[in-house]
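These protein sequences, in sequence, are chains C and L. Straight run, no breaks: the first sequence in full-length UniProt numbering ends on number 315. Straight run, no breaks: the second sequence in full-length UniProt numbering ends on number 263.
Source of the hints: derived by calculation from the structure; they are not laboratory data. Here a beta-carbon is modelled for each residue, glycine too, at the ideal position from N, C-alpha and C. Just so you know, not all the hints are guaranteed correct.
Simulated coverage check for chain L against chain C, where a stretch passes if three residues somewhere in it have a Cβ under 8 Å from a Cβ of chain C [what the hints assert, rightly or not]:
#, segment
1, 84-92
2, 95-105
3, 123-135
Some chain L residues close to chain C (C-beta under 8 Å, calculated; not the full set) [stated by the list, open to error]:
#, residue
4, A59
5, P81
6, M109
7, T110
8, A111
9, Q113
10, Q115
11, G117
12, E118
13, S119
14, A120
15, R173
16, A177
Have a look at the derived ranges for each label pair, beta carbon to beta carbon [said to hold, decoys possible]:
#, chain 1, residue 1, chain 2, residue 2, range
17, C, L93, L, N192, 39 to 49 Å
18, L, S245, C, R305, 50 to 60 Å
19, C, L301, L, P36, 50 to 60 Å
20, C, L301, L, D30, 58 to 68 Å
21, C, L89, L, Y22, 26 to 36 Å
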Amino acid sequence: MELLAYAAFFLTVAMTYATICLGLNVQWGQTGLFNVGVAAFVGLGAYVSAILTTPEAPGRLGGLGLPIAAGWVGAALAGGVLALLVGALTIRLRSDYLAIATFGVAVALQLVFQNAEPLTGGAFGIGFIPRPFGGLQRQALPFAALNLALTVALVLILYLALERLAQSPWGRALRAVREDETAAESLGKSPLRLRLEAFVLGGMVMALAGAVQAHFIGFIAPANYLPALTFQVWAMLILGGSGNNRGAILGAVVVWAIWAATAALIAHLVPAGEQARASSLQLVAIGVILCAVLLWRPQGLLPERRAVPRHLGRP
Amino acid sequence: MDRSAGQEAAPVLSARGLSKSYGGNRVVSDLSLDLPPGGMLGLIGPNGAGKTTLFNLLAGAVRPDGGAILLVGRDVTAQPPRARLRAGLGRSFQIARPFARMTVLENVMTAAQAQTGESALAALLRPARVRSEERAHAARAREILDFVSLSQLEGEPASVLSGGQRKLLELARVLMAEPRVILLDEPGAGVNPALLDLIADRIQAINARGVAVLLIEHNMELVARLCPRVIVMAAGRLLAEGPPSEVTARADVIEVYLEGMPA
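Excised from the complex, chain C in its bound form:
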């Protein structure tokens, strides 16, 4: 019983990472936008949704007590607005400069989470974020199972929508821009418009994922949204297969499993006093795996598909 509940808990968190990965896949996998500020979008979504849905709390702004669904929608919209603002300023930049700009945004926003105490609760963050099916919290298994079902359904819906987009002329135009912007423009595409659209869509999905994660865990703190999160998500996408939506989901599950396994291993092997320091080894493990993938299977577990779409048939 306990094991099942744990498995459901593990997979639910993995599904929230899979959602972040799907967002990054739109930006990087399909469009080649080097976003190194993933944590900013995830964190923004988490905080916006928390502020919208938590009950009123003394000394803190927000606490509007809105339904969870409203928090999710608000988070996605906020992610879209952030992407639009950052994108409008930086999308003309070449990929490595976009990386620097997005990294800076992520660091700045994390500092806002940490210091805008009246709004974000400062270093302690926000607690009592309403959890879906919260009424069942005391029954571990049904609670875990229902939350898993909810996140799986969300990932499935997003997967189907993003896959339809990827197979569409829009997705094709994104890939054309990724491959050769000059050639794409000579064929009538608008690289600026396409890159901005992909950046906004990806930002919305990431922020939604941040909100879903926050509601599942029930509390958030600024330390959740450090650059290490961005690194984790990149490792997931690269391992799973950049440019492939199924790969993004698979990579999230695999890397999250490695993360959880190494955490358990450290808890088991390392003396209690050293565990905080030893947990850095988790990042080392992810880094080593990332290097191995880049060396031996740079296309990831599930490579981008290049087949002719089925509905177009063959002559």
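Place chain L on chain C using the hints.
Frame of chain C, contents of chain L only:
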């Protein structure tokens, strides 16, 4: 407008006094040319004469310092490449630029114009319409691939194509956009003789369908075969214009070509 016989049709593409400098160096200087509808014009000249810059000016990749570009009588001097393509002007690149990690068929389909599904919202919400458009575009792309003899490779990523096949793919892509004028930048460069023959033949066939062609080419044999008229550029200016055999016999043309040669 009724045109009496003998009167020349209005040019489909014309340049009026185009100039472009890079850091005080005049690369194109007061250059004018006219391309009649369905015409085929060669653009030759020694290396560094400004041919590719002229192409970039005409296609909109580079803005001129002075002068004007008219496409079907309309001034497009201030318009970006995609607006010119919409008005009927397509181009190829000196070094082919395939979308390497996309299939050959996708490369060509990308070039279809006015695709409903290029709006993300329409792609999500109007799948039936997008799908039927896609079928039509796939059918036309396959016809074009057949025309350039790349049908067998439609499912392969463009990265596997040889140099000559990449030139053919560029030709296919630009045809998919249904242009009235095509600018071809050295379609024969780095192509093996067997494919070169095919490329020349396809360019002729395209022109025979009424598409006007402006062609940069160093291979004089190819130019002589394709172009009834050529213009010669030297040091950014128009040096000579006429049938290839006459122009290449002119003393001043021979001189500018010899200047570029090691003594």
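Hints versus structure:
With 4 residues having a beta carbon nearer than 8 Å to a beta carbon of chain C, the segment 84-92 of chain L meets the requirement of three or more and the stated coverage holds. Interface restraint, the segment 95-105 of chain L with chain C: holds (8 residues with C-beta to C-beta distance below 8 Å; minimum three). A count of 8 residues in the segment 123-135 of chain L with a Cβ less than 8 Å from any Cβ of chain C is obtained; the coverage claim is therefore met, three being the minimum. Given hint, L:A59 at the interface with chain C, holds; its Cβ is 7 Å from that chain's nearest Cβ, closer than 8 Å.
With a cut of 8 Å, the hint placing L:P81 at the interface with chain C holds, because the nearest CB-to-CB distance is about 5 Å. Against a cut-off of 8 Å between C-beta atoms, the interface hint on L:M109 holds, since the closest Cβ of chain C lies about 7 Å away. Taken as an interface hint, L:T110 checks out: its beta carbon lies about 5 Å from the nearest beta carbon of chain C, inside 8 Å. Given the 8 Å rule on beta carbons, the hint for L:A111 holds: about 4 Å separates it from the nearest Cβ of chain C.
With a least beta-carbon distance of about 6 Å to chain C, the hint placing L:Q113 at the interface is held under the 8 Å criterion. Interface restraint check: L:Q115 against chain C, minimum CB-CB distance 4 Å, threshold 8 Å, status holds. A cut of 8 Å between beta carbons decides the hint on L:G117: the least distance to chain C is about 4 Å, and the hint holds. A distance limit of 8 Å between C-beta atoms decides the matter here; for L:E118 the minimum to chain C is near 5 Å, and the interface restraint holds.
Nearest Cβ of chain C to the Cβ of L:S119: about 7 Å, under the 8 Å cut. The hint holds. For L:A120, the interface hint holds, the least distance from its beta-carbon to any beta-carbon of chain C being 5 Å, beneath 8 Å. The interface hint given for L:R173 holds, since its Cβ lies 6 Å from the closest Cβ of chain C, which is under the 8 Å cut-off. A cut of 8 Å between beta carbons decides the hint on L:A177: the least distance to chain C is about 6 Å, and the hint holds.
Against the hinted window of 39 to 49 Å, the Cβ-Cβ separation of C:L93 and L:N192 comes to about 40 Å, which satisfies the hint. A hinted range of 50 to 60 Å for the beta carbons of L:S245 and C:R305 is consistent with their spacing of about 53 Å. For C:L301 and L:P36, the Cβ-Cβ distance of about 57 Å falls inside the hinted range of 50 to 60 Å, so the restraint holds. For C:L301 and L:D30, the Cβ-Cβ distance of about 59 Å falls inside the hinted range of 58 to 68 Å, so the restraint holds.
Against the hinted window of 26 to 36 Å, the Cβ-Cβ separation of C:L89 and L:Y22 comes to about 29 Å, which satisfies the hint.
The structure is consistent with each of the numbered hints, conforming to all of them.
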